[in-house]
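These protein sequence lines map, in sequence, to chains V and D.
For the first sequence, full-length UniProt numbering assigns the number 1 to the initial residue and increments by one for each residue that follows.
For the second sequence, full-length UniProt numbering assigns the number 1 to the initial residue and increments by one for each residue that follows.
Some hints here could point you the wrong way.
No copy is singled out in the list; a pair is fine if it fits within one copy or between any two copies.
Unchecked claim - In the BS3-like style, the derived pairs of lysine-lysine whose C-alpha atoms are separated by at most 27 Å in a straight line are: (1) K349 <-> K390; (2) K83 <-> K362; (3) K444 <-> K399; (4) K362 <-> K52; (5) K390 <-> K355; (6) K349 <-> K83; (7) K153 <-> K252; (8) K384 <-> K252.
No wet-lab data here; the hints were simulated from the structure.
Protein chains: 2
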Amino acid sequence: MKRIEIFDSTLRDGAQGEGISFSVEDKLAITSALDELGVAYIEAGNPGSNPKDLEFFTRAGNLRHAKLCAFGSTRRAGNSVEKDANVLSLEQAGTPAVAIFGKSWDLHVTDVIRTSLDENLNMIRETIAYFKTRGREVIFDAEHFFDGYAENKDYAFAALRAACEGGADVLCLCDTRGAAYLTDIGAAVADICRTFGRRVAIHCHNDTGMAVAGSMVAVDAGAAQVQGTLLGIGERCGNTNLATIIANLQTKRGFSCVPDEQLAQLTPTVRRVAEIANVTLAGDAPYVGKSAFAHKGGMHIDGVMKLPRSFEHIDPDAVGNERRFLLSEVSGRTTVLAAVQRIDPTLTKDSPEVKAVVARIKELEFEGYQFEGAQATVELLIRKVLGVYKPFFELEQYKIIGEQPPVGGRSDTAVIRLRAFGKSEISAAQGDGPVHALDIALKKALTVFYPAVQHIRLTDYKVRVMESRSATASKVRVLIETTDGTASWTTVGVSTDIIAASWIALVDSIEYKLTRDEL
Amino acid sequence: MKRIEIFDSTLRDGAQGEGISFSVEDKLAITSALDELGVAYIEAGNPGSNPKDLEFFTRAGNLRHAKLCAFGSTRRAGNSVEKDANVLSLEQAGTPAVAIFGKSWDLHVTDVIRTSLDENLNMIRETIAYFKTRGREVIFDAEHFFDGYAENKDYAFAALRAACEGGADVLCLCDTRGAAYLTDIGAAVADICRTFGRRVAIHCHNDTGMAVAGSMVAVDAGAAQVQGTLLGIGERCGNTNLATIIANLQTKRGFSCVPDEQLAQLTPTVRRVAEIANVTLAGDAPYVGKSAFAHKGGMHIDGVMKLPRSFEHIDPDAVGNERRFLLSEVSGRTTVLAAVQRIDPTLTKDSPEVKAVVARIKELEFEGYQFEGAQATVELLIRKVLGVYKPFFELEQYKIIGEQPPVGGRSDTAVIRLRAFGKSEISAAQGDGPVHALDIALKKALTVFYPAVQHIRLTDYKVRVMESRSATASKVRVLIETTDGTASWTTVGVSTDIIAASWIALVDSIEYKLTRDEL
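Next up, chain V with everything else stripped away, as it sits in the complex (with noise of 0.2 Å):
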């Protein structure tokens, strides 16, 4: 198997997507989880234009697979490289790898940087050469290569050849406006690597949506290294998404990009630097997604049930995702009978009572439900449909008071008098909002009887307007998400009210973690 090399610029081109911003200990823990990950580089910041980097080279130590990379332009035109600000900073950074990045497009040198094409090619040459004289191994990023390569071909080749004069061991061809086209990006790879003889590695952004294909065409045309982020992210419409990259390679086109068994902490390393990051994973990314291996069309379920490739083109345990049935009007009996079996598991397709589940979520569904992903909310529906439901408790009156101006602060007011084992407990609660005060004076109350209950903390709460044309009479869906620290689960509720609504969901995420410590 070929290898691929993997070269992870989260932190550094990543960094430069809107509304990203790492702090030290960020840096420090995603370069852990991509050197786990087994990446070949990860180029971790701009030393010259970002002083917060020095202070991270200076605390990464030494890492298990991947080489650490700092990143920095060529000397400013007329300076000396050995008294470029910018080129001493990334000396000091220290690390074994530095990308240098340098114009390879005419109109750059000329129009943005202002200098003469020959300058910059010195600019190119003798940084590179600074740097290998002391040992680095050296990635020349040709910015804005496959531009420079359509408009004066010459010019970019007379650029690469500087780099390679000072000693380059990585061509890097860069599409940094992110445009260009696919049979372009391999034909001009296809060229470098048979004209220059040095690995070339490909450098995407996905303005056209392409960067994750246009870095697979690169591979087909020889590149040895592929630069993006895990992500995705990075400036304007983000970098090669590698997760997508190194799944594709690996699984599908016999290349090796990370250590085999590290493939299935795939979806794992890209779901904990989200966290870190603090970027939501789009639920629909490949291979990692949630919903990547989720199937809700009633034909899809069955065929996924009958023989998982027929709907799958990869096992997702390869990649460290699971499957999932989605629930819902498009879905039929099928779905519904692996839950039903896990209470009842005598029951069969056929059985009444399964076809009495199914009748009973069109209805609600009807009402304006949604059950996907509402597991916990199915579980309770099919026990209350097989009569194995107990109530834990009733609500016998509850009452909110929103006002302003707030009192004390807080705007809302919960009352609530429920009723468990014959006894009636009252209690009252403040917060911001009804739906908070109503939470909070539940659960105050519920522990009396329940003292698991105060285990359970709420950790998303969703709300979606339906028929939103009929404005604030319409009906509102409300799903929440509750964990007890161990295990999570998630419940919906439908009303005009919200307060209604959220109600409904509440006392199921409440209820279903009952059920659950009772089995």
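Given chain V's structure and the hints, the job is docking chain D onto it.
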């Protein structure tokens, strides 16, 4: 310019995305947005598997540009077409075009639908012929085509031949598992175009992150139609993102997908559809995301200011998006200027008032506001900063009581006291939900001072929960759309309390109307 037909399946394959669920009203609104954009086909449902879809087709009526298409399977094995329930409900939908899906991978025939290879060909041929004799345009969706072509090319061809014998107008090659590789797609599409001489469509899924690229390659190889969904939503990792495809083909590859004058509507249309679908549009979405032309790296900003094409692959205006500079306070000012000048035309980009407006907007955005679409709130905000805002009334107090069990069928009561022209007015109202009650009570009290208020009606109410990690105490953003019968406008409010956020947006919606009436 060669035309490529854009076939949107947001309402069918898109509805198979996790978390997606459309009401009939949503479907009508999305259909009208897609039709205005100028797509060629709108696939809007699967009447055989979802009875709600028939109501949609009855109400959809005629469109300006697009043909409506209903989706369904070939007849079942062993059934006659005339008696097949799916076929009949598909016919009942009455659309000018129908998409018939059938199996072209032998494995699916033998192992999933479990019939004979010959019977499957009969099912394809007869179902298509049934609709052709009834004057419909028929698109044959060859499911799993690329897998079938790779494993048993003869049978994949036989399936397409059966479709042609039935009279299919379009052969749609589906990569149902989403894993076909670029070069395989290109080769197969070219082969089919050459062999069958019918219009060929491509339908990709994004399981390897290359649905857009696969579709581009198919067009290069001769495909005349691209299927996908405007936002890229769909089963598992989603479908081909049509917004990206339209922009790629039309701005870079010399094809025509939508009328030229509509291309600048791409970004607003995508945002509107995302809003209706309640999908968060990724900031880094190519062409239409808020970061697609946002520059953060200092060198990038410098380059763009000297020469936009140095770091931008197209003019953002071409697709209705805008350029933003992230780290500089220059950003925003150009955008805000136009709105400010509508109120005071003497102000310029450098006026301190404009700077103050930008600063106030940034402050509110930091608190969770988002002003896109909420023009009425922006106009009031500018008036407040410029000192030309006049409050129409003052809230003295509101109190909302929500209770279970409900009193007289209504769970919520609002009591409000407000002041105008030196007089206080108190009113009370009941409603379904706290906001509904508050809205009625507010208008009741205000009508005493401003009779025009009685003609105002909310037409839309949307809630988005932000920072969902802190659950019920998270911030809530409420968007309200209001009409007075002639104009309509949108306002926004943010708070941890959903009632307070709604109150802010409600007050703005009324003050905007009263301000306008005075001009």
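List of violated hint numbers, smallest to largest: Going through the list in order, the structure violates hint 8 alone and respects the others.
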